[in-house]
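Just so you know, the sequences run in chain order A and B. Just so you know, we're using our numbering here: the first sequence kicks off at 20 and counts up by one. Just so you know, we're using our numbering here: the second sequence kicks off at 20 and counts up by one.
Calculated from the structure, these hints are not laboratory results. Heads up, a few of these hints could be off.
What the hints assert, rightly or not - Heads up, incomplete: computed chain B residues facing chain A, CB under 7 Å, no partners named:
(1) W166
(2) N199
(3) G242
(4) G252
(5) H278
(6) A280
(7) L284
(8) R305
Virtual Cβ for every residue (Gly too), placed ideally from N, Cα, C.
Number of protein chains: 2
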Amino acid sequence: MIVDIHGHYTTVPPGVEAYRGAQIAQMGAPTKGKMNVTDDEIRKSIEDGQLKFQRERGTDVTLFSPRASWMGHHFGGELISRYWIEQTNDLIYRVCNLYPENFVGVCQLPQTPSDPLANCIRELDRCVSQLGFIGCNLNPDPSGGYWGAPPLTDRYWYPFYEKMIDLDVPAMVHVSASCNPSFHATGAHYINADTTAFMQFIQADLFKDLPALRMIIPHGGGGVPYHWGRYRGLAQDMKRPLLADMIRNNVFFDTCVYHQAGIDLLTKIVPVDNILFGSEMVGAVRGIDPETGQYYDDTKRYIDAAPTLTAADRNKIFEANARRVYPRINAKL
Amino acid sequence: MIVDIHGHYTTVPPGVEAYRGAQIAQMGAPTKGKMNVTDDEIRKSIEDGQLKFQRERGTDVTLFSPRASWMGHHFGGELISRYWIEQTNDLIYRVCNLYPENFVGVCQLPQTPSDPLANCIRELDRCVSQLGFIGCNLNPDPSGGYWGAPPLTDRYWYPFYEKMIDLDVPAMVHVSASCNPSFHATGAHYINADTTAFMQFIQADLFKDLPALRMIIPHGGGGVPYHWGRYRGLAQDMKRPLLADMIRNNVFFDTCVYHQAGIDLLTKIVPVDNILFGSEMVGAVRGIDPETGQYYDDTKRYIDAAPTLTAADRNKIFEANARRVYPRINAKL
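Pulled out of the complex, with its shape left as it was, chain A reads as follows:
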């Protein structure tokens, strides 16, 4: 079985954007209202998108969450975010009910900057306990490119982490759109956030305090595996734990790296127990690579071709690690 742990619902029917658009006029008096999307619209958007690619590429199940670049925590206040997030998580729930063999839910969170984490704790609980979701996306920068939140290692986040542990679900560290003109969203902000989160983890005792906490750093860990020597050296100079020890039970990288040489480096350098298969299709890069004739984001091909991996390694990356990091998936498969 091949589990893709990184998929967002990027091919949504127009009712989703219409709902969001209407929120702009409601900022003074938000109402939850209704998201006008039919089951038939969902079926079409999924069958022409995710499901088609799952079949073509030979993957089985996608951990599916709302579109990351649309999380948009920078927009509006507490109620705006809460309604938007609840509606879009409910939409994922509908997808998972329509295609229970192909999708398992992962939620986004109402991380309005400056609002209490209590809303996030409540929404995580609702999604896991009532909707059967198995993980969440946690935005380290709800300001959208201005980085005003405390580092992920700050005790500010601990009540949320305790809820994650209580529910036995991990978080993928994933930013949303960039409002800062310096940072292209998928070309800079995403990769920067991944790199930033990993360095934050090196600097503090988060996983010593919360040994059951599990975090996935997407996009192949940002710039980290390429600079693995730099991070090993920085940790050493700072008298911090060895990277391999620090990440062992707590930090995982996906395989959203869109060329063979990058995946070869990832799979050579990072312990195989800490790598989870992901593609983020249909996502940041949608074209076909003229050098290979295949989609850039068909990352399964790169894993299949990575020279240092054994069959047992591939089984870990494709399935076994996902079962360990997202244990609630076992009841779904």
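Got chain A; can you put chain B on it based on the hints?
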């Protein structure tokens, strides 16, 4: 000959920090004053530091600039920055005069946020025309981690770029300290800035407008080579030029990547004409890698061992590319 294009004076005598410290009390009425550093102090700091490592590692010449993490453009107003930058550039000049065989000057710039670029143009001219420097470090984020400046492709920067072209000197894109608790300076802010700058270059027509402009992205290009497929794909989706065409005469990566697998990826993926040898010693990572028994930042060893490079490739990386990108070096060697 082996030219290390990325060295900062990180082992300065205590008079440098004392000068900076005194500026805190002068913020209301800055005076240029004097930096109390003797030639003997310079000799000792260089011979115990940079020069010792040059000899041990078998490199010949270092392009030498003031310490990057101390550029500190976020601190103080126009005069504070101007005095600090002039003093430290003059200090580099003294090093280069004491060791003309071993060091060639690269300047920092008085990039006070919100102050006009005219000061930077004037200081670049002074350093190149009067002190014999051959390049500069350009900070894309003078705010120190809050990213308030326009992207490097904005016309705001063009008058400075025109001066660079006029003087035939390149810029290394290099941030300084991070004031933002989210970003560790050398572990996140540096790598993020490299990634950010490259994506900015993809998005705009900077090098079409200014074909003689040359920019070096340090630290092996941040996260870019590891994600080369992502950037090729993003450029393709955005109908931008091929990366190889975009960088050819304009964008160069150094080799400050502190493990063999990283250098192997860099030298395999990035055209060899766009790679310049750099180590950034004595810099961000000062320890010895227990896996190799060698300094992490002894990057010459990795270039020597990179499997895809020929002798001609190594000559380009170690010397010929530096002569082309920093043409004023030819009068110095």
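Hints and how they fare:
Satisfaction of the interface hint for B:W166 is found here, the shortest Cβ-Cβ separation to chain A being roughly 4 Å, below the 7 Å cut-off. Taken as an interface hint, B:N199 checks out: its beta carbon lies about 6 Å from the nearest beta carbon of chain A, inside 7 Å. Using the Cβ-Cβ criterion of 7 Å, the hint placing B:G242 at the interface with chain A is satisfied: the shortest such distance is roughly 3 Å. This hint holds: B:G252 has a C-beta 3 Å from the nearest C-beta of chain A, less than the 7 Å allowed.
Hint status for B:H278: holds, given a least beta-carbon distance of 3 Å to chain A, under 7 Å. For B:A280, the suggested interface contact is upheld, since its CB lies about 5 Å from the closest CB of chain A, less than 7 Å. Checking B:L284 against chain A by beta carbon gives a least distance of about 5 Å; that is within 7 Å, so the hint holds. The beta carbon of B:R305 is positioned within 7 Å of a beta carbon in chain A (closest approach about 6 Å), and the interface hint is therefore held.
Going through the hint list in order, the structure satisfies each hint without exception.
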